[in-house]
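Protein chains in written order, with this note's numbering: chain L, 1 to 286; chain V, 287 to 572; chain C, 573 to 829; chain W, 830 to 1086.
None of these hints come from the bench; they were simulated from the model. Careful: at least some of the hints might be erroneous.
Here are some chain W residues pointing at chain L (derived, C-beta under 10 Å) [stated by the list, open to error]:
no.	residue
1	Asp-898
2	Val-953
3	Leu-955
4	Thr-1026
Bear in mind that the values here come from a model prediction, so they are computed numbers and not experimental data. A virtual CB, placed ideally from N, CA and C, is assigned to each residue, including glycine.
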Amino acid sequence: MATFASLSEGIEAVVRDGDTVAMEGFTHLIPFAAGHEVVRQKRKHLTLIRMTPDLIYDQLIGMGCADKLVFSWGGNPGVGSLHRLRDAVEKGWPNKLEIEEHSHAAMANAYEAGAAGLPCAIFRGYIGADLAKVNPKIKSIVCPFTGETLAAIPSHRPDVAIIHGLKADRAGNVLLEGILGVQKEAVLASKRSLVTVEEIVDDFGPRNLNACILPSWTIGMIAHVPGGAFPSYAQGYYKRHNAFYIEWDKIARERDTFQAWMKANVLKKNESEYAKYARPSRVAAE
Amino acid sequence: MATFASLSEGIEAVVRDGDTVAMEGFTHLIPFAAGHEVVRQKRKHLTLIRMTPDLIYDQLIGMGCADKLVFSWGGNPGVGSLHRLRDAVEKGWPNKLEIEEHSHAAMANAYEAGAAGLPCAIFRGYIGADLAKVNPKIKSIVCPFTGETLAAIPSHRPDVAIIHGLKADRAGNVLLEGILGVQKEAVLASKRSLVTVEEIVDDFGPRNLNACILPSWTIGMIAHVPGGAFPSYAQGYYKRHNAFYIEWDKIARERDTFQAWMKANVLKKNESEYAKYARPSRVAAE
Amino acid sequence: MTATYTPNEIMTVVAARALKNSDVLFVGIGAPSAASNLARLTHAPNITLIYESGTIETKPSVLPLSIGDGELCDTALTTVAVPEMFRYWLQGGRITVGFLGGAQIDKYANLNTTVVGSYDAPKVRLPGGGGAPEISNSCAEIFIIMPQGRGFVKKLDFITSLGHGEGDDHRQRLGVKTKGPTRLITDLCIFEPDPATKEMTVTSIHPGVTCDQIQENTGWTVRYANTVAETAPPTAKELEVLRDLHARTKRAHGEAA
Amino acid sequence: MTATYTPNEIMTVVAARALKNSDVLFVGIGAPSAASNLARLTHAPNITLIYESGTIETKPSVLPLSIGDGELCDTALTTVAVPEMFRYWLQGGRITVGFLGGAQIDKYANLNTTVVGSYDAPKVRLPGGGGAPEISNSCAEIFIIMPQGRGFVKKLDFITSLGHGEGDDHRQRLGVKTKGPTRLITDLCIFEPDPATKEMTVTSIHPGVTCDQIQENTGWTVRYANTVAETAPPTAKELEVLRDLHARTKRAHGEAA
């Protein structure tokens, strides 16, 4: 059964130095608050997995938390580069960052296979693409029926998954809705997990019979962090703060402006910082 | 885009002699009315695919529509044997029935891989089981990362999928809810499809953002057949007619009682027969 | 004090007792369903029931006649599609106890639900394996519920699902990491695998049952553990809850007809 | 009668015109999104838009800033998880037109969005391929929208996604059954693959653009089709709808800030 805790207790309990950590959220429900807590707790030597490393991974990389990044698209969506990621890859600042690069299809299949308890995933992929030449984790199998060669990749089995959900009920079940990404798979594929949520409710109430719900017994810890996905968005709660994504380009471009921002806005703050971004309840058609 | 038609027009258009046909519904939303129409239209030499061939496949097999059955569990759920299936396998009546037998996991994976456009599926299966010895379609691959041997099976790519849905909207999108089985996969894996539905609505209205909906352009034909899943059930519309499942055991036990029943209840009837089993609208908590 | 009960009732009650509140069960129709829900309605109120039709954490008030019963879906936390059920939930290794049964069982708890006679020209064509070939190896352990009789055979006509294979470390040699059948609960007694040979061995005998009865209903020479217990008879409470459940089920299925 | 327009506007308008009402599009952010929605709001009202975030048949009233924009989900027929999107919808072969772009393109419309310089010690680390490696081969055909300039190179530093490879039947030799890039739409002209060599060849030049301009902005020797058309300029209606869309988008994104 999931354990309810504060965010700092939750990160303390689930993330260890050297862990392979998947903080997921495919442009929606990105666990920003949890990522900041990892920075505050100064975790080191992490292998970070994420399809679309964006601002939160830029911050973790820039603060020296990561030794390695496993990803498929590393940019500031709709804006441009992730300057801290680039600085680490191009210049080795603040440390050399090893990268393991895949396509989206590969990453999604790798999470799916991880959730399914398989050692690898197969898909029709990478044909004619150079990534297979530079990533030794991309191999192939031959279909025993048709002779077709299919791409094979190891499944993702992270030590920890960290995601942001919409609601938890008192029993610790977590409801997601909207752009689901690979969050359910990430949790099911991981040894440990932490879910931050917008809201804790007594009961989910009437709902679609096939609603996307992670049962309590598949989750490690739950922390109530309203606004915890800000500046990304939470379906039905708040919108994406687009202006911040644009502003980040300036903040992160130089090492000193980045460090100053992190000090002021992350290191000197705590999880309650996020509450101001939350909205109390579901607004129609948001 | 899906074409709306009567059931008889729909079957006429999508099912041809010799086709591989998947009528799916995992104990819920079984397309009985459509199956009866196939019997009335006297289709022959079909290869029937279905995880759980039950009464409707017993009827199709007993009426001589099928040359082959691909399946994982062939019984009358909660009651016992399918006598027509047994008669065909054990005695070759009314014709010899070839069987290709899998496990549930294999069948579900084969539909999933078919929907995903892959030639095969891999899973951890059949270990220590004799089925792999008698079904040459069960092969294996070796994981290129761990060396583990995994079962491999060809994906299902039926000529036709036939399913029963809850609602279609005017644009021809189809909504399913409740026990979803493998119906979405069966339609997406097939070249052609026919969906019978309980109800046609102008618009699905407010719904979960992740509701199980097959877009119109993934469906061949739609026929409005209220009650079309009877004596199985349609979530929110009507319950399973358990007594008929028990009664079927008696009806199907002997060839003559079976034939008399089929003549009276299928051959001499038409699709409107099913309307009496329908209920007009969704009843809470049914 | 001891109530009278049927052989089927003690079999169900004994199976229910073996289940823990923390268990996640992969439940089949029939005795497993009755046992799982009896456990839920007595000592294990938070036990997690999953049916292969995709229903997760279902709390049926009546027993389903089939795994697709609407009752299972209506009372579930959520219901997933069948490919997901077999991939994420069963193969994903999330099930602590799976239930199996069959037409035939051998002394290593291998099961046959496929054919009597040869596969190509069967004397009796049985329904087939369904989920069993993977349930037997994906769940942490397997409980088998089967009344004893002519299905307890020396040699299976067909191995539908792996038990302990040919005994000893056969499962491990096949690369299987789960325990396999840890309990075979019958209407006469309880078998558990011998720690070394893995032969199913009687560890508890139901009240009033004799060793002769057990042997007469078993196609191999029955072995007994060093210490054999007498099974505690069903309590009045257990019987009351079980009978209420069956009565409710009968009424509900009658109504639906 | 002809309105004035920017190079970016004619590029978007030309891309929109190439889309049919019956198309199922895999849309990326930026110009593809603008072109797809312009088509939907003009001649192709029932065109199907899919974004890789899982939103199916979405009808956004404003352009998304990212593929995960709530607007896409709120206006979609339904939204599926990302593994399903890549398996059932993209790999399943349901997409008629996929859009791609990149930092670099060569004359066979292979694209680079990975690195400038060497992979292990890049001069510029670009965002990477995202969905491109599979979009390029799973969609029935690919439209590329890219302003011409220094990204039009003789040789890519890295092939992120396959276009026509080394030309001729290279795609077929690799076992790929789809058409690949059938249109490269720039701010200056339209390229289409030569039927035999598959080299991207100019088939239409935008009004007022010269061949010199095209060559100056292309890193290889530009070839022209036997018949080269002049692109019809954007109509007043096309520009009005496109500008309204951008204005609505700007207001909406401002408000959300």
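- Query: In ascending order, which of the hints set out earlier in this document are inconsistent with the structure?
  - Reply: 4
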